[in-house]
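If you want the building blocks of each chain, they are given just below.
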Amino acid sequence: MFPILGIIAAAAVITAIDMPTLWRKKYVKEMWVFSILLLIGTGLSIAWVLHVKLPSPLSLLAIIYHPFNDFVTRLLT
Amino acid sequence: MPSTAKISPRQLTILAAIITVGDSILILPSIPTYEAKMDAWISAMIGLAVGLLVIQLFVTAGKLNPKLTLVELNEHIFGKWFGTTISLLFLAYGLLSISAHLREIGDFSVSQTMPDTPIEAIHILLLFIMILAVRLGLETFTRLAEIIFPWFILFFLIFTISLLPAIDINKIQPVFDNGIKPILRGSISSIAFPFMELVVLMMIFPNVNNASQIRRSMSIGALIGGIILFIIITLTILVVGAEPASRSMYPSYDLAKRINIGEFFQRIEVALALVWVLTTYFKLTVYLYVFSRGLAQILRLKDYRMLLLPTGMIIVVLTLAVAPNISFYNDYTDKYWPFLDTTFSVFLPLLLLAGYAVRKKMKSSH
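Chains H and C are the protein sequences, given in the same order. Residue numbers for the first sequence follow the numbering used here, so the first one is 1 and each next one is one higher. Residue numbers for the second sequence follow the numbering used here, so the first one is 1001 and each next one is one higher.
Hints in this document: simulated from the structure, not taken from any laboratory. Just so we're clear, the structure is a prediction, and the values are computed from it rather than from any experiment. We put the CB at the ideal spot given by N, CA and C, even for glycine. Take the hints with a grain of salt, since some may be wrong.
Which stretches of chain C does chain H cover? Using the computed rule of at least three CB atoms under 8 Å from a CB of chain H, they are [what the hints assert, rightly or not]:
1) 1045-1051
2) 1177-1190
Distance ranges between label pairs, derived from CB positions [as the list claims (entries may be wrong)]:
3) C/Leu1064 / H/Gly43: 37 to 43 Å
4) C/Ile1161 / H/Arg24: 55 to 61 Å
5) C/His1076 / H/Ser35: 28 to 34 Å
6) C/Val1358 / H/Val49: 48 to 54 Å
7) C/Pro1115 / H/Thr73: 32 to 38 Å
8) C/Leu1351 / H/Met1: 24 to 30 Å
9) H/Ile36 / C/Asn1260: 52 to 58 Å
Whenever a hint applies, use it, and build me the whole structure from the sequences.
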């Protein structure tokens, strides 16, 4: 519970830092992008704290580049 | 979002040199010494030569329209939908690179110097000063790089000279013992990690106040960085020896531990670690700047600064999610990362040049 509160507090601090300027300047689109990114960040952080298994981006690389690596390895051994 | 920040060709040279050295000074030497053993210095030389060619390629692509950043160039040449897709992939590559390189610093600090510190603490601290630098803008952090660069060179010279007495020429012989193939295997990473990753600078070409100097600046910068890496790899073989170096995770760190002049001048390896953290920090700062500005350009936002803190939160999770442990990380990055770099530094510029040629032909046939 404690780490989740910490993450929400961090998100609140980030909002307090950036939101007022955007609000004053009436940057509507910027506010949307900011909120969506912050929501993704908070969501991912909470998922991590709750030990949800996030797939490693490197496994995706392995799927895409596996044939290339195989080819080069065969060529150079 | 037009950017008014201007940097000089000299500053671009320094940025290129620092990014070339970047994380490679500590991470790279173990890969060619593992593949090519005592011939790793030849791998490094091949890496430098091919790396410089790759730089010529993407500088040529960037010069198709020097007033546009890579994101704008994609849209200009490939049209709205395809161009934006490529730009988004490029930004994903940037975000993944930031997370991976940050994880390298974290893993190093936790395994070598600060075993009781949680790895997240190191990541968050570094991210914090990266975000600070990017918020202040491109001009500010390039000026900082300009101030730090001479000190970096000075330290490197002291480092090299104090290792000269420990050199054992027998460790580099025999040359070409295993033929050319292991050398080429070792050179793949020596091309990709230092030189191909310079492609992110395509996003700041329009900020250089003298566009005609870009090619020269990039080449000189990469050459300086490449020579530094070449010397480090060669010294690693000559002092530590190929066998122990190939088994070590951080051979140049072991190299610095060997420095001992008159039982007095010794234990300077932490200074090397500091230099490494510093150059990686600049590399990451440029990546973060490129990512936030690229995203702002795709979405046509008026500013990029408010993207930084939320992005930072995502990066903190990505650095942890990128690999469950250091051996998974090393295994996957050694095998697949060079191909990822190749995709964006060779394939993408070729695609841009081809797209430009096709467009030109279509225009002239009308």
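Here is how each hint holds up against the structure:
Judged by the Cβ-Cβ criterion of 8 Å, the stretch 1045-1051 of chain C is not covered by chain H as claimed, because only 0 of its residues qualify and three are needed. Residues of the stretch 1177-1190 of chain C lying with their CB closer than 8 Å to a CB of chain H number 5, which satisfies the three-residue condition for coverage. Distance hint check: the CB atoms of C/Leu1064 and H/Gly43 are about 39 Å apart, consistent with the given range 37 to 43 Å. At roughly 56 Å, the beta carbons of C/Ile1161 and H/Arg24 sit within the given window of 55 to 61 Å.
In this structure the supplied range 28 to 34 Å holds for C/His1076 paired with H/Ser35, their Cβ-Cβ distance being about 30 Å. Hint check: C/Val1358 to H/Val49, Cβ distance near 50 Å, so the stated range 48 to 54 Å holds. Checking the proposed 32 to 38 Å range against C/Pro1115 and H/Thr73 shows it holds: the Cβ atoms sit about 35 Å from each other. Checked against the hint of 24 to 30 Å, the pair C/Leu1351 and H/Met1 fails, with Cβ atoms roughly 50 Å apart.
Under the hint 52 to 58 Å, the C-beta atoms of H/Ile36 and C/Asn1260, about 55 Å apart, fit the expected range.
Checked against the numbered hints above, the structure breaks hints 1, 8 and satisfies the rest.
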